[in-house]
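Peer 1: Work out the full structure, taking the sequences as your base and the hints as a guide.
2 protein chains.
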Amino acid sequence: MDNFTFFNPTTIEFGIGKEQTIGQHLAAHGIKKVLLCYGSERIKRDGLFDVVSHKLNENGIELVELGGVVSNPVISKVREGVVLARAQQVNAILAVGGGSVLDSAKAIAAGVYYDGDVWDLFIGKAGIESALPLFTILTLAATGSEMNGAAVVTNENTKEKFFIKSPALFPKVSIVNPQLMQGVSRDYLVYSAADIIAHLIEAYFTAAAHPALQSRLVESLINTVVETTEALLINLANYDARAQFAWAATLALNGVTTAGVGGFSFPNHAIEHALSALFNVPHGAGLSVIIPAWMKWYHAHNTTQFERFAKNVFNVATPEQGIIALEQWFNQIGTPTRLSQLGIKDADLPSIVNNVRSNVHGFGIADVYSAEVVITILKTAL
Amino acid sequence: MDNFTFFNPTTIEFGIGKEQTIGQHLAAHGIKKVLLCYGSERIKRDGLFDVVSHKLNENGIELVELGGVVSNPVISKVREGVVLARAQQVNAILAVGGGSVLDSAKAIAAGVYYDGDVWDLFIGKAGIESALPLFTILTLAATGSEMNGAAVVTNENTKEKFFIKSPALFPKVSIVNPQLMQGVSRDYLVYSAADIIAHLIEAYFTAAAHPALQSRLVESLINTVVETTEALLINLANYDARAQFAWAATLALNGVTTAGVGGFSFPNHAIEHALSALFNVPHGAGLSVIIPAWMKWYHAHNTTQFERFAKNVFNVATPEQGIIALEQWFNQIGTPTRLSQLGIKDADLPSIVNNVRSNVHGFGIADVYSAEVVITILKTAL
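Protein chains in written order, with my numbering: chain A, 1 to 382; chain B, 1001 to 1382.
Misleading hints may appear alongside valid ones.
Unchecked claim - List of simulated lysine to any residue pairs, SDA-like, C-alpha gap at most 20 Å:
no.	chain 1	residue 1	chain 2	residue 2
1	B	1033	B	1165
2	B	1172	B	1129
3	B	1311	A	316
4	B	1311	A	219
5	B	1125	B	1167
6	B	1165	A	11
7	B	1296	B	1380
8	B	1172	A	167
9	A	172	B	1007
10	A	345	A	380
11	B	1165	A	9
12	B	1296	B	1315
13	A	311	B	1223
14	B	1172	A	168
15	B	1172	A	68
16	A	172	B	1003
17	B	1311	A	212
18	B	1172	A	256
19	A	311	B	1212
20	A	172	B	1079
21	B	1311	A	313
22	B	1172	A	255
23	A	159	A	76
24	B	1172	A	3
25	A	172	B	1011
26	B	1033	B	1049
27	B	1172	A	11
28	A	172	A	27
29	B	1055	B	1167
30	A	32	A	7
31	A	172	B	1005
32	A	125	A	362
33	A	311	B	1011
34	A	311	B	1219
35	A	172	B	1168
Said to hold, decoys possible - Which bits of chain B does chain A cover? Going by a derived footprint, with three or more residues having C-beta under 8 Å, they are:
no.	stretch
36	1011-1017
37	1210-1218
38	1242-1252
39	1269-1282
No lab work stands behind these hints: they were computed from the structure.
We put the beta carbon where it would ideally sit given N, CA and C, even for glycine.
Peer 2: This is the structure in structure tokens:
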């Protein structure tokens, strides 16, 4: 087991009605004025916006709105948020939405304290020293952003989908009420399942050594995602399945499963980010296409761990059977497993490879993921 | 899944050499003078004391010593620590040792801010509003105290072994270097295994409903404890086994496995505390005696979960087989399973029952654990 530092200061308020506590949490942190980031106008139609603004009002907290954050969130909206947060002199950011809203809010929170263009923080031109305090109300469980210090944003001009990471970006409080997620479409539910599984398998398969303890935790969470996704597809109102799905999503990327795991990387994310950046495909849908293809190329590098996965997740014997079982499961739940399902053709591959090459540089795995390797993986996914 | 709040602000510094960081952590928190709590003089013989005092000195931090904390720590030593901490005007407590030292340090940290007798905090006469900041260097993995806000101390006059719990008692930083644990005796290693398993099974078996996600996490940790204990008994110098054992101990009681789990209790702890309080038996040894006896009495209340346990931990079919398998495993590793092995006889049972009755009141389960029930369990353990 590798040496590690574990630190995760985010308070999670989990369960039915917990959005009602947002006013008191903000007040307890001395917040007087927040920038409320959100995506579509859905939160106004379904009443969540009213609850939040009422609770803020009750606690004497002013609210400035920034709506219109899109899936695969873009840096132009972040820049708009930075300008607005400064002009309005808010002293916190409140994100109400899914991972895209949370990640945009994190970038705004960091950008407010940085004098240059906020994109500099994504390309390593500047580090993140501090950020506005961040609070979140999650309406879609997938990215784990509610309990970590990372954010992913796309630069729509350069077609780069890059990430930032800093202890300053842990939310102070994240509210996770699974009932608020019942409106998530079936499509986004299954994309989310693929996203959570992707978060869990990256370190599991790529680590130089993966201790049995951490492998068991990962398998526990994958098995939970598999089981609860199937239960939700039968009945979207199954609260207990929704709750376990949501908590699995949080635990999948809050540092618990990777504590003590060294030398791992995020190749599936590095490749998928090119699909999202170039073709605006939903992140989870891109991942469910890339993962089986990547596995077919990669599994010989780590036969032992692929055998574990095959046995402990799908109860089959060989690495190849495990990969096929996962691919079939993705097909069964209805998340794509082929580039063609995303409208991506053979002729698009060169531009994807170019984009991936800049990502793998950012992820520190440029030497392994040469253009030849990436094209091999992509062709398997056609 | 029940509503919950998850909050655990402790920084864990895990791995080889991490004790070297203690000075910088204290300095980063602005600490100028610490009360260093420890148990036996072993930390002076093995060099750990020298490392710590050197690192404190390097950072300009003064040190006041409080040695002599015993296993099953006593309130008289806590009182001594409170007096010393006040007289010396320390602004933090540094615990170097196992759970007994950490728990004593927590009680001292809370006691310094309370005007009355510190035992009042254990009997509910007063609440814990604040505490001195607490730092720990763990030398025995078992109790999980390094990453939670609870402490257990014995009043040697009243023969009460009671607990306190408060968010103010989370350590700021805990250093967990598995190499520092290589000197732990085989006896205390196997008692520790029983203690960790006890922490994991209490909620697992007694919760009104135990979600599959959390059940999987618990089973993952129990399986890790079983596997690594066996590996350590073959080779006490097996670092990787020692590390997984230690991290499992931390995860077993830091709130991760019980988040979302409602309506559970600690009957095995409530009963064992009487054995420790009256006969000063090692906590883990007392637990490995009580657990199989409690299980034989209790399992019919939760057949489903006992079947899960039997299958997923010991790969056997029925609740009864699972219980026997655990009992045999305790025997195999060499932790006791009978009161007689602790020198406790039939004639001692009435005094134990009386003591347990006051504990179950503190644990909120006095109505279930009547004198008749407790005597039934104890007789099974004779």
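Peer 1: Confirm or reject each hint.
Peer 2: Checked hints:
Between residue 1033 (chain B) and residue 1165 (chain B) the CA atoms are separated by roughly 25 Å; this puts the pair beyond 20 Å, and the hint is violated. Between the alpha carbons of residue 1172 (chain B) and residue 1129 (chain B) the distance comes to roughly 16 Å, so the proposed pair stays at or under 20 Å and holds. The hinted pair formed by residue 1311 (chain B) and residue 316 (chain A) meets the criterion: a straight-line CA distance of about 18 Å does not exceed 20 Å. Distance hint between residue 1311 (chain B) and residue 219 (chain A) is fulfilled; the C-alpha atoms sit about 17 Å from each other, no more than 20 Å.
Restraint check: the Cα-Cα separation between residue 1125 (chain B) and residue 1167 (chain B) comes to about 18 Å, which is no more than 20 Å; the hinted pair holds. For the hint linking residue 1165 (chain B) to residue 11 (chain A), the alpha-carbon distance of about 18 Å falls within 20 Å, and the restraint holds. For the proposed pair residue 1296 (chain B) and residue 1380 (chain B), the alpha carbon gap of about 8 Å is at most 20 Å, so the pair holds. With a CA separation close to 16 Å, the supplied pair residue 1172 (chain B) and residue 167 (chain A) stays within the 20 Å bound.
As the CA atoms of residue 172 (chain A) and residue 1007 (chain B) are separated by approximately 10 Å, the hinted pair is consistent with the 20 Å bound. Annotation: proposed proximity of residue 345 (chain A) to residue 380 (chain A) holds, straight-line Cα distance about 12 Å (limit 20 Å). Taking the CA atoms of residue 1165 (chain B) and residue 9 (chain A), the gap is about 19 Å. The hint holds against a cut of 20 Å. For the hint linking residue 1296 (chain B) to residue 1315 (chain B), the alpha-carbon distance of about 18 Å falls within 20 Å, and the restraint holds.
Proposed proximity of residue 311 (chain A) and residue 1223 (chain B) is supported: the alpha carbons are some 16 Å apart, at most 20 Å. Proposed proximity of residue 1172 (chain B) and residue 168 (chain A) is supported: the alpha carbons are some 17 Å apart, at most 20 Å. For a cut-off of 20 Å, the pair hint linking residue 1172 (chain B) to residue 68 (chain A) is broken: about 40 Å separates their Cα positions. Restraint check for residue 172 (chain A) and residue 1003 (chain B): satisfied, since their Cα atoms lie roughly 19 Å apart, inside the 20 Å limit.
Taking the CA atoms of residue 1311 (chain B) and residue 212 (chain A), the gap is about 19 Å. The hint holds against a cut of 20 Å. For the suggested pair residue 1172 (chain B) and residue 256 (chain A), the alpha carbons sit about 18 Å apart, so the restraint of at most 20 Å is met. A C-alpha spacing of about 19 Å is found between residue 311 (chain A) and residue 1212 (chain B), which places the hinted pair at or below 20 Å, so the restraint holds. Distance hint between residue 172 (chain A) and residue 1079 (chain B) is unfulfilled; the C-alpha atoms sit about 36 Å from each other, more than 20 Å.
A C-alpha spacing of about 16 Å is found between residue 1311 (chain B) and residue 313 (chain A), which places the hinted pair at or below 20 Å, so the restraint holds. Between residue 1172 (chain B) and residue 255 (chain A), the direct Cα distance comes to roughly 18 Å. Compliance with the 20 Å bound is thereby established for this hinted pair. Only pairs whose Cα atoms come within 20 Å are accepted, and residue 159 (chain A) paired with residue 76 (chain A) is accepted, the gap being roughly 12 Å. A C-alpha spacing of about 19 Å is found between residue 1172 (chain B) and residue 3 (chain A), which places the hinted pair at or below 20 Å, so the restraint holds.
A threshold of 20 Å between alpha carbons decides the hint, and for residue 172 (chain A) with residue 1011 (chain B) the separation of about 16 Å falls inside it, so the pair holds. Restraint check: the Cα-Cα separation between residue 1033 (chain B) and residue 1049 (chain B) comes to about 16 Å, which is no more than 20 Å; the hinted pair holds. As the CA atoms of residue 1172 (chain B) and residue 11 (chain A) are separated by approximately 16 Å, the hinted pair is consistent with the 20 Å bound. Between residue 172 (chain A) and residue 27 (chain A), the direct Cα distance comes to roughly 12 Å. Compliance with the 20 Å bound is thereby established for this hinted pair.
For a cut-off of 20 Å, the pair hint linking residue 1055 (chain B) to residue 1167 (chain B) is broken: about 28 Å separates their Cα positions. With a CA separation close to 28 Å, the supplied pair residue 32 (chain A) and residue 7 (chain A) exceeds the 20 Å bound. Note on residue 172 (chain A) and residue 1005 (chain B): the hinted pairing holds, with a Cα-Cα distance of about 13 Å set against a maximum of 20 Å. The hinted pair formed by residue 125 (chain A) and residue 362 (chain A) meets the criterion: a straight-line CA distance of about 12 Å does not exceed 20 Å.
Between residue 311 (chain A) and residue 1011 (chain B) the alpha-carbon distance is near 35 Å, which puts this suggested pair outside the 20 Å criterion. Among the hinted pairs, residue 311 (chain A) with residue 1219 (chain B) is consistent with the structure: their alpha-carbon atoms are about 17 Å apart, no more than 20 Å. Of the supplied pair hints, the one linking residue 172 (chain A) and residue 1168 (chain B) holds, its CA atoms being roughly 17 Å apart against a limit of 20 Å. Chain A is given as covering the stretch 1011-1017 of chain B, and this holds because 7 residues of the stretch bring a CB closer than 8 Å to a CB of that chain, at least three being needed.
Closer than 8 Å: that is the beta-carbon criterion, and the stretch 1210-1218 of chain B has 5 residues meeting it against chain A, so the requirement of 3 holds. Interface restraint, the stretch 1242-1252 of chain B with chain A: holds (5 residues with C-beta to C-beta distance below 8 Å; minimum three). Counting residues of the stretch 1269-1282 of chain B whose CB falls under 8 Å from any CB of chain A gives 0; the rule of at least 3 is not met.
Taken one by one, the earlier hints fail for this structure at numbers 1, 15, 20, 29, 30, 33, 39, listed in ascending order.
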